[in-house]
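Sequences and hints are given; from them, build the entire structure.
Quick note, the sequences are listed as chains A and B, same order.
Following the numbering used here, the numbering of the first sequence begins with 1 at its first residue and continues without gaps.
Following the numbering used here, the numbering of the second sequence begins with 418 at its first residue and continues without gaps.
The hints are simulated quantities; they were obtained by calculation from the structure and are not laboratory data.
Idealized CB from N, CA, C, for every residue including glycine.
One or more hints might be untrue.
[Unchecked claim] Some but not every residue of chain B turned toward chain A, in silico, with C-beta under 7 Å:
{"no.": "1", "residue": "460"}
{"no.": "2", "residue": "512"}
{"no.": "3", "residue": "514"}
{"no.": "4", "residue": "516"}
{"no.": "5", "residue": "518"}
{"no.": "6", "residue": "521"}
{"no.": "7", "residue": "594"}
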Amino acid sequence: MNMKLYHPVVASATLLVLIGAALSGAPLEAHAYAGGVVMTGTVVDEAGSPVEGLPLRLDIEHSPSFIAASGNPDIIPLDQLAATTTAKGGAFSFTLDHIPDFTPYLHEDSAVSLLVSTITEEFEVMRHFLAYPPAELGSAWMWQPDEASAEVPELGSQYEDVAGVVSETLGVLTFDLAHLADVQVTAHSDDGDVTAPMAEAPIATLNPSDTCPGMNYYYQRGSARTKVLDPIQRLYTLSKSSMKYEWTTSQNSRLEIAVKGAKGSYGGGLSKSRMNFSSGGMSPSFGNNSKVVIRAEWEYAPYYLYCDPWTTPTSYYSGVYEWRPEQWTTGSSNVANSNVFSCNSKWIVSMENPTWVAQESGVTWAGWFGIEGVSLRSSQKNSVKHKLTVTPNSGAKARICGRDNWPSKALQVREVA
Amino acid sequence: MPGFLRGGKATSLLVILVLTVASCETSREPGPIDVPNAHGWSYDNAVVGKSFTDGFETLGFATTEPVVVTAVHLEGDPELQLDGVLVADGTRRVGATQFDATFPPTSPDFGRLTPLIDRTLLHEDLGRYDAFELVLGLSVTQPGAWRRTGVRIDYMVGGEKYSAILPAELIVCTEGFEQQCKF
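What follows is the structure, encoded as structure tokens:
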């Protein structure tokens, strides 16, 4: 996918540096409670081999409201929380001596946005996490509930025809965690295309000429925009039922970030949409014999990563940028879905009355979409109306089936003969 | 000390005791029961005093040990009452049959039906399914639109008591209230 990008305006660099220095120069206020281990995990390369000796840093992003109040909404300052180096087996651990005042970082739902990253000659790591910091002495950092229960979606899913490309690399990311620990992240080697399998495992050696370590850095939001259609649900009816899907965005709608750097393009973790502070929604209905994928259109914007050395007055563009979701455009599209899923007959339910099912209380992996050849995921925490209603024809008994569970538990249901 | 105060003290102690017991009851863990996502359905042709069958819920457990369900309660409007509780095992024809106009149901799709309360549910009785079918007999006591928000299941596994609420909404409406039976 070719897209025109607009690099940051050089003339504004000085102003950016001043803002960045003003924000990042303020020391993090220590509170009385202990910090301890924030995150542990491993780094593996795309072949699954552990990466040893890789420097990593943990940063925290300023909150959208704090950024808005700063007068420059296009800058996302990052403050470093901790740094470490991966040990044998790729293991790493971020430990804090204290926990800072989280006021500048807290989102409306009290979550904070963390970034684990490094950029070396051999590897790039850039992974966002949303987490709840501890509120009490000695408490653990917690994932957002939907992320804690998230399952890595199957590769080569039925959405492949819609998304175009399915990334093999995404399969090694694990999020099956109750606490902010045991994270596995992937170091992307100089392959250029994560969708192509590596011919051989990359050499996991550390080159001392790191790009940003030891510096602060921040993002600048670019003016380019791109739109993607994100599959959010599939409907499949036969002759005895109709279906209506009610879907809304919310503050908890999250889509995956696409990262573009010197080492190629890859998924960079889930991000909330920047501007969806209020909800919008749609409720498409389909009658008998419908096979469709419902897609919502999202707008993405590029965020350029700048390194900000303490020793010089100017920052510089690192060569890495991310596509982050901006907002739902209110656009949508329904496409014929030729890849109808099958379901086990033991989950067939006989239904005679209007019924709403497939409301997932946790995370919804609805499908794949692509930016820059990277297959991305969407996620929605369904704290608002988000449900599939099945209505049997008048006087008829319809048989519906959950894709991988009972209809009251499955993410997707369909009618069966 | 005046007698009424002594009585009041005794009453207070009794209240505290009752509250403590109640608190213990409600603080039970959900245990290995398989709690589904929130879901629901509606029935807009109810007749006051006439029982019908809700068979949409299933009872699955993340254990192969015997399970004994000791009680089933409805959460929500009291005008929607529970008339009986049966269970369908692995002999049923489909995973769940949502509705039957009578209770006990007459459809052969339910297979073998037995009273649920205090019956020992054995893993081998599941047949090809992952769960039993909970078969509830329900009726409304007054005309109107009445809503159930969930079904509480009290049960025992290995001598341990558990309690869980299945988030199973149901709106039941009598004639004249059909418009309130929509989600």
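Structure-based check of each hint:
The interface hint given for residue 460/B holds, since its Cβ lies 5 Å from the closest Cβ of chain A, which is under the 7 Å cut-off. Here the hint on residue 512/B is kept, as its CB sits about 5 Å from the closest CB of chain A, short of 7 Å. About 5 Å separates the beta-carbon of residue 514/B from the nearest beta-carbon of chain A, less than 7 Å, and the hint is met. The interface hint given for residue 516/B is met, as the beta carbon of that residue sits about 4 Å from the closest beta carbon of chain A, less than 7 Å.
Proximity of residue 518/B to chain A is violated relative to the hint, the smallest CB-CB distance being about 9 Å (cut-off 7 Å). The closest approach between the C-beta of residue 521/B and any C-beta of chain A is roughly 17 Å, which is over the 7 Å cut-off, so the hint fails. Here the hint on residue 594/B is broken, as its CB sits about 15 Å from the closest CB of chain A, past 7 Å.
Hints 5, 6, 7, counting from the list given before, are not met by this structure.
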